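Asker: These are the residues of each chain, in order.
2 protein chains.
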Amino acid sequence: MDLEEKALESTRIYDGAILNVRKDIALLPDGRTAPREVVEHPGGVGIALEDEEGKFFMVTQWRYGQRKVMTEFPAGKKEKGEEPLVTAKREIIEETGYEGLDFVHLGKLVPTPAYDEEVIDLYYARKGRKLGQHLDDDEYLNVTRMSLNEIIDGIMNGTIDDAKTVAMAFMIREYKERTNEEH
Amino acid sequence: MDLEEKALESTRIYDGAILNVRKDIALLPDGRTAPREVVEHPGGVGIALEDEEGKFFMVTQWRYGQRKVMTEFPAGKKEKGEEPLVTAKREIIEETGYEGLDFVHLGKLVPTPAYDEEVIDLYYARKGRKLGQHLDDDEYLNVTRMSLNEIIDGIMNGTIDDAKTVAMAFMIREYKERTNEEH
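Chains as they are written, first to last, in this note's numbering: chain A, 1 to 183; chain B, 184 to 366.
Rather than coming from a laboratory, the hints here were simulated on the basis of the structure.
Bear in mind that the values here come from a model prediction, so they are computed numbers and not experimental data.
A couple of the hints might just be wrong.
Unchecked claim - Cβ-to-Cβ under 10 Å is the rule here; a few derived chain A residues that face chain B:
no., residue
1, E4
2, L8
3, G31
4, L101
5, F103
As the list claims (entries may be wrong) - Here are the simulated DSSO-like pairs of lysine-lysine, each with C-alpha atoms no more than 27 Å apart in a straight line:
no., chain 1, residue 1, chain 2, residue 2
6, A, K77, B, K189
7, A, K55, B, K189
8, A, K89, A, K23
Unchecked claim - Distance windows between CB atoms, simulated:
no., chain 1, residue 1, chain 2, residue 2, range
9, B, Q316, A, D138, 29 to 35 Å
10, A, G31, B, T362, 23 to 29 Å
11, A, D137, B, T342, 37 to 43 Å
12, B, H317, A, L3, 17 to 23 Å
13, B, S330, A, E52, 19 to 25 Å
14, B, E265, A, G54, 38 to 44 Å
15, B, E277, A, G31, 36 to 42 Å
16, A, G97, B, A190, 26 to 32 Å
17, B, T362, A, E53, 26 to 32 Å
18, A, D30, B, P212, 36 to 42 Å
19, B, E187, A, D15, 43 to 49 Å
20, B, E187, A, D2, 44 to 50 Å
Quick reminder that beta carbons are idealized off the backbone N, C-alpha and C, glycines included.
Using the sequences and the accompanying hints, generate a full structural model.
Answerer: As structure tokens, this is what we get:
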């Protein structure tokens with residue numbers, strides 16, 4: 001069965017600072033039409049930065065939409081059209097103060113497939129030189145370090161619930177097992 | 184450091200069919216203010232339904248915001264205020280035609296912490312009676328079955344990239360290892 005839905009019409013709903021919303025009329029596979037709301041977002045990156053002791057840099061910050069503090073791998077939004085590796089190399093320095101080396105692209109992650117264009121490129125890197133943290137003007141976060149086992153324990157006991165962090169932790173363990181080498 | 188950001192003002196931007204958007208002015212920890220855009224969403228569930236051969240029901244559907252077909256664990260949106268287990272029991276029948284038994288709550292997942300309220304409750308269940316698929320009027324999907332190893336291979340080779348599906352597959356493998364029992 002061909003599942004594609006084609007846009008027939010598109011209406012701008014909102015053009016904001018970090019997201020836009022549009023509402024399309026889509027042509028369904030059976031010839032009927034249906035409304036489709038879409039959150040437009042340029043996409044982002046997540047970066048798992050591992051130090052020489054096998055610990056990963058984690059950022060803890062207030063997540064406004066969730067009304068709570070969350071602990072996550074460092075992440076950031078792409079500038080429009082930016083290559084994700086460029087974003088990753090910039091964001092890891094800004095959030096942790098350390099450069100990343102030997103970046104491995106773990107894959108892409110679609111956080112919200114039902115109504116959002118966002119795609120997150122997932123990277124795994126090794127800690128390089130200390131260059132100094134440089135946060136955005138309205139960004140407040142605490143940086144800690146956790147082993148992969150501590151992160152996976154946090155996922156299983158519910159204290160870590162950010163989707164990219166869950167995906168990256170397990171994908172890194174799987175990657176390490178499959179390549180069977182120290183990164 | 185206290186990281187909490189408190190809402191000072193809130194402006195309705197859009198009230199839609201599957202999502203709303205508001206724009207708040209937030210009080211930052213240092214006393215300054217900043218705009219915060221929030222996608223409002225009632226939350227949803229993901230359900231991994233395992234048959235007697237250890238294979239999981241997967242749904243393949245067109246994802247409009249991503250402009251591609253994606254293969255995912257069955258999922259659905261909560262009615263406002265609905266208990267997630269109620270949603271899960273309904274959605275698994277609607278999408279696969281089978282009831283779920285012995286539901287295990289794997290945890291909660293936050294797909295998009297930066298700007299979205301959505302939380303997904305993740306469930307693992309055993310296949311029960313065949314009751315018949317019942318899709319929404321504008322919902323088209325194909326149902327297949329995959330082993331956990333096939334799903335994890337798909338994640339690592341990039342053909343499966345839905346965040347809840349990635350999280351659930353690895354969490355189920357971890358859950359099976361930790362409980363060391365057939366579910």
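Asker: Provide an ascending list of the numbers of those earlier hints which the structure does not satisfy.
Answerer: 2, 3, 4, 5, 7, 8, 9, 10, 13, 15, 18 and 19
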